[in-house]
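J.: Starting from the structure of chain A, add chain B where the hints point.
Going down the list, the protein sequences come from chains A and B. Take any residue in the first sequence, note its place counting from 1, add 5, and you have its number in the numbering used here. Take any residue in the second sequence, note its place counting from 1, add 5, and you have its number in the numbering used here.
Don't read these hints as lab results, they were simulated from the structure. Watch out, some of these pointers could steer you wrong.
It does not matter which identical chain is meant; a pair holds if it fits inside one copy or across any two.
[As the list claims (entries may be wrong)] Result set (BS3-like, lysine-lysine): computed pairs, CA atoms no more than 27 Å apart in a straight line:
#	residue 1	residue 2
1	K27	K213
2	K213	K198
3	K173	K213
4	K238	K198
5	K248	K124
6	K124	K213
7	K124	K201
8	K27	K177
9	K173	K27
10	K124	K198
11	K198	K173
12	K173	K248
13	K238	K177
14	K124	K177
15	K201	K173
16	K177	K248
17	K238	K173
The structure presented is a predicted model; accordingly, all values stated were derived computationally and were not measured.
There are 2 protein chains.
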Amino acid sequence: MDGIVTAAMLVIGDEILSGRTKDRNIGHLADVMTAIGIDLKEVRVVADDEPAIVDALNAVRAQYTYVFTTGGIGPTHDDITADAVSVAFGVPCEYDARAMTLLADSYSRRGIEFTETRKRMARMPRGATHIDNPVSVAPGFHIGNVYVMAGVPEIFQAMLDNVLPTLKTGTKLLSAAVHSPFGEGVIGAPLAKIQKEFPATIIGSYPKFRDGTFWTELVVRARDPQMLDSARKAVEAMVEELKAPKEDNQLA
Amino acid sequence: MDGIVTAAMLVIGDEILSGRTKDRNIGHLADVMTAIGIDLKEVRVVADDEPAIVDALNAVRAQYTYVFTTGGIGPTHDDITADAVSVAFGVPCEYDARAMTLLADSYSRRGIEFTETRKRMARMPRGATHIDNPVSVAPGFHIGNVYVMAGVPEIFQAMLDNVLPTLKTGTKLLSAAVHSPFGEGVIGAPLAKIQKEFPATIIGSYPKFRDGTFWTELVVRARDPQMLDSARKAVEAMVEELKAPKEDNQLA
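The shape of chain A in the complex, shown without the other chains:
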């Protein structure tokens, strides 16, 4: 219950920036971090380009408690994440003995040759520890405060599940949503007033648009449950008051 734990995410891959692959990992990590009480503060998507990865990684790992990366840890020539992370940490990228054994055993069982290409998946920065991969064996890895995981969502999610129990979590940021049938023009002023009355909460307004009309989802966030409850009640009362027919009540 002591303090705030933060995280950043680094999504690595030309395929996301070209639109060829639509990211499915940002939303998943955001959901999971919120659920366990870690504040995801920033996400960066960078290309398969060593200087870009190194710069972004060094910027975010200095700033947040944890960094989670996805993408670029396969066996092909365009998978350069392990090399880039090694450069960022100033350590050699080398074949990890345990990963070599894991992969050799797996290929041996399946009667498949353990080629040089496949051996690339056992490369990681010196000093890194494994993140188990229950889907396709080749491990991710963890060095310093950085967790390096696969980009394929099924594998990313399985690796993240293995990492979660090891993370320090902060006081969970609780949230409560209040549905508002009104657009932001209506609720803006009274909502700002409530935000001022409850400075220990974060009150967000998220406009939604459907069939030509707006409504808003109002979300109250707080680390203290009683504070959350008080602010949520104030927002609900505001919405109810706006619903009551009054001559100066404008719906839009």
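T.: Chain B in isolation, oriented as in the chain A frame:
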């Protein structure tokens, strides 16, 4: 046809980082940029926090031809993008006369009061020009090389459509995809060889996973159509050769 035009995207909003809203704009912008020949090089997602927005915006606007932002331009207290962009550019954030007229007319036609809250949507950095909003009137804006647009996908897409004809575009990066029924362990080495033979292309391998087996989408990118064609043919020939039954041909 002269040179390369680059872009970055800045997604602004606590709701994306908390997982409450799943981003739908990154993939759309990526698709559109690729289609018109602008290289999307980086995406950042930051919170509704002025220093975070200012720092990220100043970092990317110095580095890329264009910056596109989404989110935080509504009328509520948590919509601080216009203020943050003004701080980044070192200019005052003020009520724009034309935006005020647009909004006043729109509310007047609909018989809705043009409140102080609604007037917030007419605020923009001094010197900014409008990006028309055919969906909900309140304009986005353009200052320097930065295009500030709504986060609601329907409005973002409409605003982006209005911006596109004004952009300088580079030599389009063409792409061709080759389906490989083999996992990356099989195609890794021959693909790296082809990449070396065609240095003016970018060859990517994107592993896909379904029902316990891997396949890969191999994507060749080049600015020159003949170079693209030659490299694509080499990749196709490699896949065909791997398909031919040979005793040293391992499928996995």
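J.: Next step is simple, just say for each hint if it's right about the structure.
T.: The hints, checked one at a time:
no.	hint	in the structure
1	K27 to K213	both (22 Å within a copy, 13 Å between copies)
2	K213 to K198	within (22 Å within a copy, 50 Å between copies)
3	K173 to K213	neither (35 Å within a copy, 32 Å between copies)
4	K238 to K198	within (14 Å within a copy, 64 Å between copies)
5	K248 to K124	between (65 Å within a copy, 22 Å between copies)
6	K124 to K213	between (49 Å within a copy, 19 Å between copies)
7	K124 to K201	between (58 Å within a copy, 20 Å between copies)
8	K27 to K177	between (29 Å within a copy, 21 Å between copies)
9	K173 to K27	between (30 Å within a copy, 25 Å between copies)
10	K124 to K198	between (60 Å within a copy, 17 Å between copies)
11	K198 to K173	neither (35 Å within a copy, 44 Å between copies)
12	K173 to K248	neither (44 Å within a copy, 48 Å between copies)
13	K238 to K177	within (20 Å within a copy, 54 Å between copies)
14	K124 to K177	neither (41 Å within a copy, 36 Å between copies)
15	K201 to K173	neither (31 Å within a copy, 44 Å between copies)
16	K177 to K248	neither (33 Å within a copy, 53 Å between copies)
17	K238 to K173	neither (32 Å within a copy, 51 Å between copies)
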